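Dock chain A against the given chain D, drawing on the hints supplied.
Each protein sequence line maps, in turn, to chains D and A.
If you're matching positions, the first sequence starts at 276 in our numbering and goes up one per residue.
If you're matching positions, the second sequence starts at 183 in our numbering and goes up one per residue.
Some hints here could point you the wrong way.
Stated by the list, open to error - Only part of the chain D face toward chain A is listed, based on derived beta-carbon distances under 7 Å: (1) ILE281; (2) ALA288; (3) VAL292; (4) THR299.
Just so you know, these hints were derived from the structure itself, not from any lab.
The structure displayed is predicted, hence computed values, not measured ones.
Yeah, the Cβ is synthetic: ideal placement off N, Cα and C, and Gly gets one too.
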Amino acid sequence: MNEPQIRERLRDAIGEVSYPPGLTAGAVARLKGPSPERHPRAIGLIAAVITLAVIAALMGPRLLGLQSTITPRPHAAATQAPLPAPTPDVFAWIPPGDFDAAGLSTATALVTPLNLVATNGQAKVTLIGAYADPARTVLLFRTNGSRLPMDVSVGDDQGGAINASSSAGGGLTGEYYYSLDGGPRPGPDGLAHLTARIPGMTPETFSFSLNVQPSVAITAVPQQLNIGSWKVTIEAAEITPSVIHIQAFIDGASVSDTGPSTISLVDARGPAPFSAYSASVTVPKQQLNSATYKSTRMNAQWRRSTSTSTYQLTFTGGGGAQTFNFQVDAPDPAAMLPRKGEGLTPKPTDFPEAKESLNLQGFLNTMITVGRPNSCGAGGGSQGTLFAFGLFLEVDGTWYTLSFYTDPSVKQYGGPGTYSARAQLFDASSQRLYDGIVQLTITQDAHRQGPNSGSVRGTLDQVGTATQAQHLSISGSWSCTPGMALGPG
Amino acid sequence: MEVSLAQVLVQDALAGDEQAFVLLVEPLLPAAYRLAVGMLRSDSDAEDAVQEAVFKAWKHFGRFRRDADLKPWLFTIVANECRQQRRSRWWNVLKGTDHLEGQVERNASVDPATQDLRLALYRLPHNQRLVLILRYYLDLSFNDVAQTLGISTKAAKARTYRALERLRLSPEVLPDE
Chain D
276 MNEPQIRERL RDAIGEVSYP PGLTAGAVAR LKGPSPERHP RAIGLIAAVI
326 TLAVIAALMG PRLLGLQSTI TPRPHAAATQ APLPAPTPDV FAWIPPGDFD
376 AAGLSTATAL VTPLNLVATN GQAKVTLIGA YADPARTVLL FRTNGSRLPM
426 DVSVGDDQGG AINASSSAGG GLTGEYYYSL DGGPRPGPDG LAHLTARIPG
476 MTPETFSFSL NVQPSVAITA VPQQLNIGSW KVTIEAAEIT PSVIHIQAFI
526 DGASVSDTGP STISLVDARG PAPFSAYSAS VTVPKQQLNS ATYKSTRMNA
576 QWRRSTSTST YQLTFTGGGG AQTFNFQVDA PDPAAMLPRK GEGLTPKPTD
626 FPEAKESLNL QGFLNTMITV GRPNSCGAGG GSQGTLFAFG LFLEVDGTWY
676 TLSFYTDPSV KQYGGPGTYS ARAQLFDASS QRLYDGIVQL TITQDAHRQG
726 PNSGSVRGTL DQVGTATQAQ HLSISGSWSC TPGMALGPG
Chain A
183 MEVSLAQVLV QDALAGDEQA FVLLVEPLLP AAYRLAVGML RSDSDAEDAV
233 QEAVFKAWKH FGRFRRDADL KPWLFTIVAN ECRQQRRSRW WNVLKGTDHL
283 EGQVERNASV DPATQDLRLA LYRLPHNQRL VLILRYYLDL SFNDVAQTLG
333 ISTKAAKART YRALERLRLS PEVLPDE
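Excised from the complex, chain D in its bound form (with noise of 0.2 Å):
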């Protein structure tokens, strides 16, 4: 046997695999993490529990008018403890990393804080909070170090398990999220009467209430389509405040003509990345024919953006495809929890605006003419003197923050001249978007008595997978005005 017949052979036995879309997110949250050894979250969050549980004394008999709501169940449960509403200081019950982990950073409001303790043996599993709206389940779960059991099982009371496609991941150390693809079913008090069972672990199910948060149907979306030869029926096309859902139903299509080439979203930075996609068939197995084969039922999920962005929604196939236009608003404030040292940072606003003659082409396609430089001048760093410039800009009303530094490991900074200088595009989350090495040219040097100027070129490398474009170039030239907020760098 050849070399690429023992490859098929093996690959067979092993199966493909696709690539977890959160698995990325997962990894980069656990680093924040701290490491087992060192954990200095132990102690606070002995105190956050002590707090929560002087508080859910004082504030019990209100708290408990929810609860009485709810029927009790003749099982063995956890069941739902009286906690505070979501406060900033959930946040020391549940780490912001958690919620980034599992998409809730638009909604850490509307997470509701919990805390149901499993046990078998060492092990110890504790359900620290959950959310849900039409388009989702979210538990958030703490270990003791355990890895969480994989047979996690989530049911209402409405009709049973909750039947939709699921992923799991890591938040921080021994925290784990455990997310369905699909809302539960409230019950007529309007809560959504949550199971959530955990086989092997005392007790073995988790019963607790949740609201389920509304969304907003995207009235752009027609509820019947045509694509090509294909009939679309749009079960749901809506903002959550977590993300944005469409489930469509489609005549004429068998589940392996469609795949997610079928559905994207486009904002101004280009193909939206999924949080979720699935395609089924649309009856049970037993029951797919010749007429039944050719319809499939497809979810496609995107985490919602923190700030208002225009959208292209396209749905491809059967030979056609057809676009719409819809603007999603900015998350509601109230459901997003301040987090420390929020509300500090400066706005790109509070900078003065200066004129800039800088083109971009790849990932943005614009000449900026105006920006608001937020670094800019010549000062000293460990490794000797550095010339920095840096710059929030407006696209499509979407702010980005440009910088540039020369790199004193290569030449220290000497006056004007050419230097080779590390540049990044920021977006406004200070999540890193493309790096790269620049031909940084300094024009003028005033120091701090006039306007700096200069001329740049070069090309910024994609970084991570929150954009789809390759590349950045950049060229044109640049000004700035040093002052009492503009350092260098």
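Coordinates of chain A only, in the frame set by chain D:
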């Protein structure tokens, strides 16, 4: 002197810049995940292993030689993490061999020969399974396989040969690269 972006990032990461480290490892994560799935046969276990491995890689990045190749270095950590996971309590409780066999038998769409091969693959010792996953599931050169395993290229080939023989996939002479 021309400095590549990768060199700059390694330098920054060694100086403690976490974001630079993320930029370095991010392109390797799909292959790392593939390696973990191949070793652990479970998507969710593989995610855990990759996350833990990335965390450990960052924690020990100070030991990374700036002129070394990051890919085999990271893959070694992922492989070690997979070995750790298989020894853990949850694995033993939930993923015993019986569980695997039941799972395979239920999958009627896979032909019996492929099912047998899958079972045989997962019964191989860790090091033999690892060499096959690296070579045939990740398409690494024998040189990269050797670097990941910390052995010579000749030893990597010999180990591959022995593992294939054990699976009764009698190989022709393995190519020189």
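Structure-based check of each hint:
With a cut of 7 Å, the hint placing ILE281 (chain D) at the interface with chain A holds, because the nearest CB-to-CB distance is about 5 Å. This hint holds: ALA288 (chain D) has a C-beta 4 Å from the nearest C-beta of chain A, less than the 7 Å allowed. Contact between VAL292 (chain D) and chain A, as hinted, is supported at the beta carbon level, the nearest pair being about 5 Å apart and thus within 7 Å. The closest approach between the C-beta of THR299 (chain D) and any C-beta of chain A is roughly 6 Å, which is under the 7 Å cut-off, so the hint is satisfied.
This entry satisfies every hint, going by the numbered hints stated previously.
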